[in-house]
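S.K.: Sequence:
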Amino acid sequence: GIFVYELKYPSGELKAVSGPIGKLLNPAFLVTNAFHNPQMLYYMSEKRESRIGCIQINFDPSATATNGLTFRELSPIVGGDAHLHMGRDGLLYGADYMKGKFEVFETNPVSGLVESRVCVFVNKEAGTLGVPERQEHSHAHCIMPHWKNPWSAYGVDLGTDK
Numbered sequence: 472g473i474f475v476y477e478l479k480y481p482s483g484e485l486k487a488v489s490g491p492i493g494k495l496l497n498p499a500f501l502v503t504n505a506f507h508n509p510q511m512l513y514y515m516s517e518k519r520e521s522r523i524g525c526i527q528i529n530f531d532p533s534a535t536a537t538n539g540l541t542f543r544e545l546s547p548i549v550g551g552d553a554h555l556h557m558g559r560d561g562l563l564y565g566a567d568y569m570k571g572k573f574e575v576f577e578t579n580p581v582s583g584l585v586e587s588r589v590c591v592f593v594n595k596e597a598g599t600l601g602v603p604e605r606q607e608h609s610h611a612h613c614i615m616p617h618w619k620n621p622w623s624a625y626g627v628d629l630g631t632d633k
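Residue numbers (the working numbering): 472 to 633.
Since the hints were made in silico from the structure, they are not lab data. Be careful, since some hints might not be right.
[What the hints assert, rightly or not] Computed cross-link-like contacts, SDA-like style, restricted to lysine to any residue with a CA-CA straight-line distance of at most 20 Å:
#, residue 1, residue 2
1, LYS619, HIS556
2, LYS619, ASP560
3, LYS619, PHE506
4, LYS486, LEU555
5, LYS619, ARG559
6, LYS486, PHE474
7, LYS479, ASN497
8, LYS479, SER489
9, LYS619, LEU555
10, LYS619, ILE528
11, LYS619, MET557
12, LYS619, HIS507
13, LYS619, VAL575
14, LYS619, GLU577
15, LYS619, GLY561
16, LYS619, GLU607
17, LYS619, VAL589
18, LYS486, ASN508
19, LYS619, LEU562
20, LYS486, VAL475
21, LYS619, GLU477
22, LYS486, ASN504
23, LYS619, ALA505
[Unchecked claim] Estimated spans, in silico, between C-beta atoms of each pair:
#, residue 1, residue 2, range
24, PRO509, SER623, 35 to 43 Å
25, VAL488, PRO621, 14 to 22 Å
26, SER623, TYR476, 32 to 40 Å
27, PRO509, MET615, 37 to 45 Å
28, GLY483, PRO509, 42 to 50 Å
29, ARG559, ALA487, 18 to 26 Å
30, GLY483, VAL589, 40 to 48 Å
31, ALA487, VAL589, 35 to 43 Å
32, PHE474, PRO621, 33 to 41 Å
33, PRO580, GLY483, 16 to 24 Å
34, GLY490, ASN579, 38 to 46 Å
35, TYR476, PHE592, 14 to 22 Å
36, LYS619, GLU484, 20 to 28 Å
Treat the numbers as computed from the prediction; the structure is a model and nothing was measured. C-beta: ideal position from N, C-alpha, C; glycine also.
Model the full assembly from the supplied sequences, consistent with the hints where possible.
M.R.: So this is what it looks like as structure tokens:
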């Protein structure tokens with residue numbers, strides 16, 4: 472699950488503020504929409520039918536039951552996403568490990584909803600070097616947008632050697 476902690480600086484003391492948020496199974500990656508709405512915290516769950524979801528951080532001290540957080544589960548993504556990255560343009564980049572694909576989602580800064588915009592499947596051929604049983608097909612592992620060109624991104628594939 473996702474937990475909320477308070478970090479006291481400079482002592483480094485870490486104090487648990489809340490238990491798990493929502494009913495998330497195996498959340499594997501978190502990213503905020505810092506450029507468009509820093510109150511939106513996107514997560515990806517690591518299970519056979521992954522889900523990209525959003526937690527809205529309300530910063531409402533009176534909402535003690537949820538510690539000011541509103542949980543939303545969003546897009547089901549068939550496969551097993553491994554990585555999320557939020558671009559400066561508000562696009563959410565995802566790497567789907569099991570399906571061997573990279574996907575780009577448009578985000579709504581108000582509702583937090585995501586909609587698939589582009590999906591690119593990596594080369595499905597197996598690699599020829601290393602460990603053949605691990606290289607039966609592509610395993611998209613990480614994606615990041617190009618820092619200058621909004622139409623380009625860098626991707627890492629662990630399943631092939633190409």
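S.K.: Indicate, hint by hint, whether the structure satisfies it.
M.R.: Hints versus structure:
1. LYS619 / HIS556: holds, 15 Å
2. LYS619 / ASP560: holds, 11 Å
3. LYS619 / PHE506: holds, 16 Å
4. LYS486 / LEU555: violated, 27 Å
5. LYS619 / ARG559: Holds, because 10 Å separates the two Cα atoms, which is no more than 20 Å.
6. LYS486 / PHE474: At roughly 11 Å apart (the allowed maximum being 20 Å), PHE474 and LYS486 satisfy the hint.
7. LYS479 / ASN497: violated, 27 Å
8. LYS479 / SER489: holds, 16 Å
9. LYS619 / LEU555: holds, 19 Å
10. LYS619 / ILE528: Cα-Cα ~29 Å, so violated.
11. LYS619 / MET557: Answer holds: LYS619 to MET557 is near 14 Å, not above 20 Å.
12. LYS619 / HIS507: holds, 18 Å
13. LYS619 / VAL575: With Cα atoms ~17 Å apart, LYS619 and VAL575 stay inside 20 Å; holds.
14. LYS619 / GLU577: Holds, at about 19 Å.
15. LYS619 / GLY561: Given that 20 Å is the threshold and the Cα spacing comes to 15 Å, the pair holds.
16. LYS619 / GLU607: Cα-Cα ~34 Å, so violated.
17. LYS619 / VAL589: Holds, because 19 Å separates the two Cα atoms, which is no more than 20 Å.
18. LYS486 / ASN508: violated, 26 Å
19. LYS619 / LEU562: holds, 14 Å
20. LYS486 / VAL475: holds, 9 Å
21. LYS619 / GLU477: Violated, at roughly 35 Å.
22. LYS486 / ASN504: violated, 25 Å
23. LYS619 / ALA505: holds, 18 Å
24. PRO509 / SER623: 35 to 43 Å: violated, 25 Å
25. VAL488 / PRO621: 14 to 22 Å: violated, 37 Å
26. SER623 / TYR476: 32 to 40 Å: Cβ of SER623 to Cβ of TYR476: about 36 Å, so the range 32 to 40 Å holds.
27. PRO509 / MET615: 37 to 45 Å: Since PRO509 and MET615 have Cβ atoms about 19 Å apart, the given range 37 to 45 Å is violated.
28. GLY483 / PRO509: 42 to 50 Å: violated, 24 Å
29. ARG559 / ALA487: 18 to 26 Å: violated, 32 Å
30. GLY483 / VAL589: 40 to 48 Å: holds, 42 Å
31. ALA487 / VAL589: 35 to 43 Å: At roughly 39 Å between Cβ atoms, VAL589 and ALA487 fall inside 35 to 43 Å, so the hint holds.
32. PHE474 / PRO621: 33 to 41 Å: holds, 34 Å
33. PRO580 / GLY483: 16 to 24 Å: violated, 33 Å
34. GLY490 / ASN579: 38 to 46 Å: violated, 28 Å
35. TYR476 / PHE592: 14 to 22 Å: This hint is violated: roughly 38 Å between Cβ atoms.
36. LYS619 / GLU484: 20 to 28 Å: At 40 Å between Cβs, range violated.
Going through the hint list in order, the structure does not satisfy hints 4, 7, 10, 16, 18, 21, 22, 24, 25, 27, 28, 29, 33, 34, 35 and 36.
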